[in-house]
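Order-wise, the sequence lines are chains A and B.
Counting along the first sequence from 1, when you hit position 164 you're at 171 in the numbering used here, and nothing is skipped either side.
Counting along the second sequence from 1, when you hit position 237 you're at 244 in the numbering used here, and nothing is skipped either side.
It is worth saying that the hints were derived from the structure and are not from the lab.
Using N, Cα and C, we set each Cβ at its ideal position, and we do this for glycine too.
Be a bit skeptical, because a hint or two may be false.
[Said to hold, decoys possible] Dumping the calculated BS3-like pairs for lysine-lysine here, alpha-carbon to alpha-carbon at most 30 Å:
{"no.": "1", "chain 1": "B", "residue 1": "K278", "chain 2": "A", "residue 2": "K149"}
{"no.": "2", "chain 1": "B", "residue 1": "K146", "chain 2": "A", "residue 2": "K278"}
{"no.": "3", "chain 1": "A", "residue 1": "K176", "chain 2": "A", "residue 2": "K313"}
{"no.": "4", "chain 1": "B", "residue 1": "K149", "chain 2": "A", "residue 2": "K149"}
{"no.": "5", "chain 1": "B", "residue 1": "K174", "chain 2": "B", "residue 2": "K149"}
{"no.": "6", "chain 1": "B", "residue 1": "K65", "chain 2": "A", "residue 2": "K278"}
[Stated by the list, open to error] Not everything, but these chain B residues come out facing chain A in the computed CB check (under 10 Å):
{"no.": "7", "residue": "G231"}
{"no.": "8", "residue": "C250"}
{"no.": "9", "residue": "Q255"}
{"no.": "10", "residue": "A258"}
{"no.": "11", "residue": "M272"}
{"no.": "12", "residue": "L276"}
{"no.": "13", "residue": "L280"}
{"no.": "14", "residue": "E281"}
{"no.": "15", "residue": "V286"}
{"no.": "16", "residue": "W304"}
There are 2 protein chains.
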Amino acid sequence: MTMNRRIVLASRPSGDPVAANFRTEEVPVGEPGPGQVLVRTIWLSIAPYMRWRMNDAKSYAPPVALNDVMVGATVGEVVSSRDPNFSEGDIVIGMNGWQEYAVCEAATLRKQDAEWGKSAIMLGVLGGNGMTAYAGLYKIGKPRAGETVVVAAASGGVGSLVGQMAKLKGARAVGVAGGPEKCRFVVEELGFDACIDHRAADFAEQLALACPDGIDVYFENVGGEVWNAVLPLLNDFARIPVCGVISQYSATEAPPGPDRTPELMRAVLSKRLEIRGFVLTDFADIGPEFYAEASVWHRQGKLRYKEDIHRGIDSAPDAFIGMLKGKNFGKVLIQLASD
Amino acid sequence: MTMNRRIVLASRPSGDPVAANFRTEEVPVGEPGPGQVLVRTIWLSIAPYMRWRMNDAKSYAPPVALNDVMVGATVGEVVSSRDPNFSEGDIVIGMNGWQEYAVCEAATLRKQDAEWGKSAIMLGVLGGNGMTAYAGLYKIGKPRAGETVVVAAASGGVGSLVGQMAKLKGARAVGVAGGPEKCRFVVEELGFDACIDHRAADFAEQLALACPDGIDVYFENVGGEVWNAVLPLLNDFARIPVCGVISQYSATEAPPGPDRTPELMRAVLSKRLEIRGFVLTDFADIGPEFYAEASVWHRQGKLRYKEDIHRGIDSAPDAFIGMLKGKNFGKVLIQLASD
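My request is simple: use the sequences and hints to build the entire structure.
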């Protein structure tokens, strides 16, 4: 009997998640029913939003239930299928979570386009990361040539693409990242115009110097101190797509005062800012447009990226916990089987 | 020699403005040069934004300079003209400020459409108030039939129109106002579905009860505690046009903690809120569309309003100071001469 090793939510974290919030289980692999497919996971994507889904709080998606498999996007190979659209050996993208095998509804799967090669790319540049960057930057941020775009977590899965996509439209891209090694990579390998280390004591001053013409688009994916440094630099009519607030997901209480909300609302008015939250599923029909453009850039080598690969499902909790602390360098992936 | 009585900014307020921040002067009326017009003010509009313009802070418009005439929209009668487009006796709308006479550039004036009768209406329903409500509500708020729109200062110049314009598009309108008399007026005279007294101890609970289906559009013109009560009631994809934050203009320091900014940004993301600041001049080309629609509603009696009229330029400072404390009941106007 084939066994499925999987990781479930054992308890909800209070503050930063710890290993004890997860539990590894081995259960027999299920049998697909009519319209279902059995998929063996090859790649699992690890991403910040998973932290929020661990909280028992209303959000854009329901929380992961206690003792349920942790949520996550996956690439896998079809083992057996009871749906006419899928056959053994197909490589499919789905949301099969932190486990080695999954029986899932065929409707939740999409076949990978073979021309794109290495399947992990469907979880990164040409997958959720790419589409998230594309939707938030182009549909909300709308950078024009010559404008300045700032993005944090600039060496990460989404942030790295936001800056490159800004450059592709003629904008100036300024990244924020943790530590000199990541900052160097963002400028030298990804081609951003500048990248500021948020750990520097004079971070806010350095960011101001890197944005001499102010900030027109701030792609928000971290919140907290980066946001506080960005706010005074925003230009009139700046756009702020809010994709994530990774610095806040583990917060157990509001930070000490004063309350800066009135300052923020005054800035919204005086600068006529547009702040808009989004998640990828809000742009359900963006796929064709995204693939048409991104696949060309990808073939031309214009979307560079770095993967931070861990092996085996057991590595997922530590990889996830480390990512939330900024220990990753690039898009975090778990490889469960060979490509 | 005809004298011009005018009110200038004598000193910048620290906190709530006081009478000593203003100075009344009498100076000889000037002579118009080529392309200029001499206008005698009939009506002066008093509005919350003037408080912000008294601060020495960068904003969407420069501050009023010390010893300069206080800014303000006016309706007046042309006394003499050295511009071919204007003649003695024309009734004109301009930005001539807190004074009885003004020599101004012809290009800053617009002739009043005679069919609309009483000229003060050009400062309210069919003027800046109406256009501000129209632009913020329809171009940013975009209420759909059946949705719930909340607006504060609901008996005031802009708020009263926001609710009525929401109703005209089939939305539910809930106002917030100070005291039972204003709330009664908002429901019984303006036709809002409900109006909650923000002075009530259980204001937040009452607001929640008045919005059983949540809030889809919050037209922000006050900030502070009303905003805090609105935030938890906002629905997914709610739109928040930010037109003013009257509760904050006189703030001398940030309110005590905790800092609620992270809570706000989390809500922006989880509910995919759109928060957008605007001022009327951002919608410079909205005039024709606005007049086409609003003039019909006005003729049909569908835009009700209340004016809070004071007499003589000397009454302006007290009327303004009182308005900031919510002592006005309706749109505040200063009448300087008979219509």
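Here is how each hint holds up against the structure:
1. B/K278 <-> A/K149: Measuring from Cα to Cα gives roughly 21 Å; hence the hint holds.
2. B/K146 <-> A/K278: holds, 18 Å
3. A/K176 <-> A/K313: Given that 30 Å is the threshold and the Cα spacing comes to 22 Å, the pair holds.
4. B/K149 <-> A/K149: holds, 20 Å
5. B/K174 <-> B/K149: holds, 12 Å
6. B/K65 <-> A/K278: Since the Cα atoms of B/K65 and A/K278 sit roughly 9 Å apart, the hinted pair holds (cutoff 30 Å).
7. G231: holds, 7 Å
8. C250: holds, 8 Å
9. Q255: holds, 5 Å
10. A258: Interface hint status for B/A258: holds (6 Å vs cutoff 10 Å).
11. M272: This hint holds: B/M272 lies near chain A, its Cβ roughly 5 Å from the closest one there, short of 10 Å.
12. L276: With a minimum Cβ separation of about 4 Å from chain A (threshold 10 Å), the hint on B/L276 holds.
13. L280: Result: holds, 6 Å to nearest chain A Cβ.
14. E281: With a minimum Cβ separation of about 4 Å from chain A (threshold 10 Å), the hint on B/E281 holds.
15. V286: holds, 7 Å
16. W304: violated, 27 Å
In the structure shown, a violation is registered for the earlier hint numbered 16 alone.
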